[in-house]
Amino acid sequence: NAGVMQNPRHLVRRRGQEARLRCSPMKGHSHVYWYRQLPEEGLKFMVYLQKENIIDESGMPKERFSAEFPKEGPSILRIQQVVRGDSAAYFCASSPPTRMDYGYTFGSGTRLTVV
Amino acid sequence: GEDVEQSLFLSVREGDSSVINCTYTDSSSTYLYWYKQEPGAGLQLLTYIFSNMDMKQDQRLTVLLNKKDKHLSLRIADTQTGDSAIYFCAESPGYSSASKIIFGSGTRLSIRP
Chain A
526 NAGVMQNPRH LVRRRGQEAR LRCSPMKGHS HVYWYRQLPE EGLKFMVYLQ
576 KENIIDESGM PKERFSAEFP KEGPSILRIQ QVVRGDSAAY FCASSPPTRM
626 DYGYTFGSGT RLTVV
Chain B
58 GEDVEQSLFL SVREGDSSVI NCTYTDSSST YLYWYKQEPG AGLQLLTYIF
108 SNMDMKQDQR LTVLLNKKDK HLSLRIADTQ TGDSAIYFCA ESPGYSSASK
158 IIFGSGTRLS IRP
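Residue numbers (our numbering), protein chains in the order written: chain A, 526 to 640; chain B, 58 to 170.
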C-alpha cells in the first residue's frame with residue numbers, strides 16, 4: 526500500500542514560469558491537504574480538498590496559486606508566474622474521510638527553487 | 058483563533074531526557090499531535106493524544122496534556138543521536154470528520170555527545 530506520492534521531488538523554475546506540483550493520496554484516502562514550509566520555518570496550511578471540491582482554502586495566497594483534486598488523477602497545486610519568494614518545500618498530506626486519531630499521512634514533499 | 062507555539066531550539070546530552078513544550082489557543086482542539094521531521098524528509102506522526110486524556114506513554118515517548126493551560130509536552134527518554142530532528146506540535150478540532158491540522162513552527166532538537 527503505497528504512501529502519499531508527490532512529484533517531482535525537486536523542481537527548478539525561472540521567475541515568471543509556472544510550477545505544477547502533483548500529489549497522489551494514499552489508497553482509501555479521499556481528503557488532501559497542501560502545506561508550505563519556507564526555509565527554517567514551520568508548516569503553513571494552504572488548502573484542503575476532497576474529490577472535485579475545495580473545502581478550505583483559507584491559507585492560499587489570493588493570486589497566482591490554485592489547487593484542484595479531480596475525480597480521476599492526482600491533486601495538483603499550481604503556481605503561476607513564480608517569484609523567488611515561492612521557493613519552499615510543498616508538502617501534501619492525505620486522510621480518510623472520518624476520524625483524525627492518526628492525523629495525516631504526509632508525502633516527502635516537492636522542493637521548489639525559483640531562480 | 059488558531060495558534061500553536063513552541064520554542065525553536067533544544068539541545069540535550071545523549072542519554073538524557075528531552076522535553077519539548079507547546080502551547081495552543083484553540084479550546085475546541087480534539088486531537089493534539091507530535092510529528093517528527095528529519096532533514097530533507099516529510100513529516101512522520103510520532104504520537105497523538107485525545108483531548109480527554111492527560112497522559113499517554115509509548116515506549117520512550119511520554120505526552121502530557123494540561124487542557125486547562127492549553128499546554129502540551131513531549132518527553133523523549135534516553136535521547137539518542139537518531140532523535141535529532143525537528144519536532145512539530147499540532148492540533149486539530151476534528152473527530153468524526155476530517156479537518157485541517159494547525160502546526161507550530163517546530164523545535165529543532167540537537168544532541169550533544
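Think of the hints as simulated: they come from the structure by calculation, not from any bench. Mixed in with the good hints there might be a few duds.
30 angstroms max Cα-Cα, derived DSS-like pairs, lysine-lysine [what the hints assert, rightly or not]:
| # | chain 1 | residue 1 | chain 2 | residue 2 |
| --- | --- | --- | --- | --- |
| 1 | A | 569 | A | 552 |
| 2 | A | 576 | A | 596 |
| 3 | A | 569 | A | 587 |
| 4 | A | 552 | B | 93 |
| 5 | B | 124 | A | 569 |
| 6 | B | 113 | B | 127 |
| 7 | A | 576 | A | 587 |
| 8 | A | 596 | B | 125 |
| 9 | A | 569 | B | 113 |
| 10 | B | 127 | B | 93 |
| 11 | B | 124 | B | 113 |
| 12 | A | 552 | A | 576 |
| 13 | A | 569 | A | 596 |
| 14 | A | 552 | A | 596 |
| 15 | B | 125 | B | 93 |
| 16 | A | 569 | B | 93 |
| 17 | B | 113 | B | 125 |
| 18 | B | 127 | A | 569 |
| 19 | A | 576 | B | 113 |
| 20 | B | 113 | B | 93 |
| 21 | B | 93 | B | 124 |
Quick caveat, the model's predicted, so the values are computed rather than measured.
Hints and how they fare:
Only pairs whose Cα atoms come within 30 angstroms are accepted, and residue 569 of chain A paired with residue 552 of chain A is accepted, the gap being roughly 25 angstroms. Taken as a hint, the residue 576 of chain A and residue 596 of chain A pair is honoured in the structure, with Cα atoms around 6 angstroms apart against an allowance of 30 angstroms. Taking the CA atoms of residue 569 of chain A and residue 587 of chain A, the gap is near 15 angstroms; set against the 30 angstroms cutoff, the hint holds. Among the hinted pairs, residue 552 of chain A with residue 93 of chain B is consistent with the structure: their alpha-carbon atoms are about 23 angstroms apart, no more than 30 angstroms.
With a C-alpha separation of about 24 angstroms, the suggested pair residue 124 of chain B and residue 569 of chain A falls inside the 30 angstroms cut-off, and the hint holds. For the suggested pair residue 113 of chain B and residue 127 of chain B, the alpha carbons sit about 16 angstroms apart, so the restraint of at most 30 angstroms is met. Restraint check for residue 576 of chain A and residue 587 of chain A: the C-alpha separation of about 22 angstroms stays at or below 30 angstroms, so the hint holds. For a cut-off of 30 angstroms, the pair hint linking residue 596 of chain A to residue 125 of chain B is broken: about 43 angstroms separates their Cα positions.
Restraint check for residue 569 of chain A and residue 113 of chain B: the C-alpha separation of about 27 angstroms stays at or below 30 angstroms, so the hint holds. Straight-line distance between C-alpha atoms of residue 127 of chain B and residue 93 of chain B comes to about 21 angstroms, which keeps the hinted pair within the 30 angstroms bound. The hinted pair formed by residue 124 of chain B and residue 113 of chain B meets the criterion: a straight-line CA distance of about 14 angstroms does not exceed 30 angstroms. At most 30 angstroms may separate the alpha-carbon atoms for a hinted pair to count; residue 552 of chain A and residue 576 of chain A meet this at roughly 13 angstroms.
For the given pair, residue 569 of chain A sits about 26 angstroms from residue 596 of chain A by alpha-carbon distance, which is consistent with the 30 angstroms threshold. With a C-alpha separation of about 14 angstroms, the suggested pair residue 552 of chain A and residue 596 of chain A falls inside the 30 angstroms cut-off, and the hint holds. Our distance criterion of 30 angstroms between C-alpha atoms is met by residue 125 of chain B and residue 93 of chain B, whose separation comes to about 26 angstroms. Using a Cα cut-off of 30 angstroms, the hinted pair residue 569 of chain A and residue 93 of chain B holds, with the two alpha carbons roughly 16 angstroms apart.
A hinted pair counts as satisfied when its Cα atoms are at most 30 angstroms apart, and residue 113 of chain B with residue 125 of chain B qualifies at roughly 17 angstroms. With a C-alpha separation of about 21 angstroms, the suggested pairing of residue 127 of chain B with residue 569 of chain A holds against the 30 angstroms cut-off. Proximity of residue 576 of chain A to residue 113 of chain B is assessed by CA-CA distance (about 35 angstroms); at most 30 angstroms being required, the pair is judged violated. In summary, the hint linking residue 113 of chain B to residue 93 of chain B is supported, as the alpha carbons are separated by about 17 angstroms, within the 30 angstroms threshold.
With a C-alpha separation of about 23 angstroms, the suggested pair residue 93 of chain B and residue 124 of chain B falls inside the 30 angstroms cut-off, and the hint holds.
Violated hints, listed in ascending order, are 8, 19; each of the other numbered hints is respected by the structure.
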